[in-house]
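Knowing the structure of chain A, use the given hints to seat chain B on it.
Protein sequences appear in the order of chains A and B.
Quick note: the first sequence uses my numbering, first residue 1, plus one each step.
Quick note: the second sequence uses my numbering, first residue 1, plus one each step.
No lab work stands behind these hints, which were simulated from the structure alone.
A hint or two may mislead.
Stretch by stretch, here's where chain A covers chain B in the computed footprint (C-beta under 8 Å, at least three residues) [said to hold, decoys possible]: (1) 91-102; (2) 258-265; (3) 270-278.
Rough simulated footprint, nothing fancy, chain B against chain A, three-plus residues with beta-carbon under 8 Å [to be verified]: (4) 127-139; (5) 220-228; (6) 239-253; (7) 293-304.
In this text, a Cβ means the ideal position worked out from N, Cα and C, and glycines have one as well.
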Amino acid sequence: MSRGTAAGLARGAAFAAIGIAFPFVVHAAWIVNIGVLTLMYAALATAWNLFSGYTGYISLGQVAFFGLGAYTLAVAFEHFGIGSGYNPFWALPLVGAGVAFASLPVAWIALRTRHMTFAIVTLTLLFVVQQLAFNLHSVTHGSSGLMLPTPTTFGIDTYDRPFYLAMLGLVLLGLGLCWLVLRSKLGLMLLAIREDEEKARGLGVRVTGAKLIAWWLSIALTAMVGGVWAYYLTFIYPESSVDPLVMIGAVLMTFLGGRGTLWGPTIGALVLVPAQQYTLTRLGASEWYLVAYAAVFVVVLLLLPRGIVPSLRDLVVRLRERRRTRRGPVIRREAAAR
Amino acid sequence: MHEIVQALILGVLTGGVYALMASGLTLVFGIMRVINVAQGALVILAAYLSYALFSHLHIDPFLSILFITPAMFVLGVVVQLVFVRSLRGPDASELSLLVTWALALGIEGVLSVVFKTTYRATNPSYADRSWDIFGYQVSVVRVLAFCASAVLLGLLSLLLTRTRFGRSVRATVQNPTAATLLGVDADRVRTLSFGLGVSMAAAAGAVYGVLYPFNPGSHYDLISRLLSIVVLGGLGSLGGAVVAALAMGAIEAVVAVEISPTWAAFSFFVVLIVFLLVRPQGIFGLRERTL
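For reference, chain A alone in the conformation it holds in the complex (with noise of 0.2 Å):
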């Protein structure tokens, strides 16, 4: 095992050991209710990383399979009965693999198209699939919503406590996937495809299939976020499951924090959803809060559109330069000689 890899499984499993305290720590419901917020962002901001950050193809139709996966555990708790308390959990894996291949049909033909015109076909797709949420009213019941059973076996001071750590696995999860792909060929393929998808169609990348593969994965992690955030509110409604707002929440944590970096989206997600949800109450839900969420997605994109990541990463490399360059008798030295 090289040190890189040692010190990234550290850094994960410290990480891990931080998440999980943290709700056997706090015990102020209205905490972990933030912390369940900011994972629930951090994996949807992983997962939106996993495919457009690796890619460069900026998706925005990501929340659109958010809801997908939030509206596919509702039905299912209206007619298949998945059961109640901790069972529900077990069918995500079958939410989210189920929704990724449904979803791939139309993947395949957004991605026929090129980088501008696929970020305008996903951003139709969310409205699309907002739409049909809302017309499909013997499967969805329309603007009026689902209703999900309440669980009843939680308690109700640690009511949110499950609902989090589920966050915390899906966030996990995503980290865990990255990493693997950076690691491995489909990293390099969708790297080359980011730099120069022609010169990589003609060196023989296979391009649609590495493609494809990014996204499926992205969006089975997306649609198990959904899951959760449905069982946790236990109400859902077209608007709010298949949220711009959400989606352009998701992309301005991945940028904040570094696009086609490993922890940069999460980051992203705790930094912005603390203050995110600070500034709500605050301002209370009123108008306001938009301006000032525009404010910020302004301020990041044009003062720091590289992310905190790479920004850090170059500190730290200018840092070390410098230090060895004070130290540095050996080139000194070398450049004597010469």
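Relative to chain A, chain B alone:
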């Protein structure tokens, strides 16, 4: 049959207004490779301005085009200079998509603060009047809106084909580097074109409030249609945008009559998806390459 023809008339008249909005979007893309997601929000902003002018100063919404369009042209120039111009690097196009999305949210927020979220409609005295032509009901405001859009689109095409500015715009679309080498001030062309694109949204918006009730959140519905139109027409193609907008109007209106109004908006997306299967670059678009 009568019903379908009636629907087609309505659809094409509506499509004309969408063509005007989409023309600004596709023009800006052609020149700058920037998709202005805020185009829908700017239309709604103009609709509110026209609503305010009408309800406070009793200025006719069609007359208010003359005031709102230049004002929003200035706004567009400011947006370009402050937000869009500073985006650089290989991802500039994608970043612009997100920046303008944020701008749309900001406009939505400000409008909700000022006007609240109740639905409004601009109702001039002739709003409900319609002509009876060969047994078909033709609404007066829709005809006026269509004519205003057609006139403005005509002016735009004259501007692009008959003036020095238009020549430099077309040169920039075809080959930005060569245009710069031949002495076209690319920065100036971009700034003015962005303003032009926004003023198209403004003109259409002034009319929009007469045709439909609107609230600050209406821009989502608008932008999803506008984006589908410009993709169907082929990104950057003005003619494509006009054709696609008219097609959208016609398809939606016919589906609304023949099948159900709830599936009308949806039908156009289906058409778009099927069309992209056959021709990913849209009707008149050029194939996009990764650069």
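Status of each hint after checking the structure:
no. : hint    : in the structure
1   : 91-102  : holds (count 9)
2   : 258-265 : holds (count 3)
3   : 270-278 : holds (count 4)
4   : 127-139 : holds (count 6)
5   : 220-228 : violated (count 0)
6   : 239-253 : holds (count 5)
7   : 293-304 : holds (count 7)
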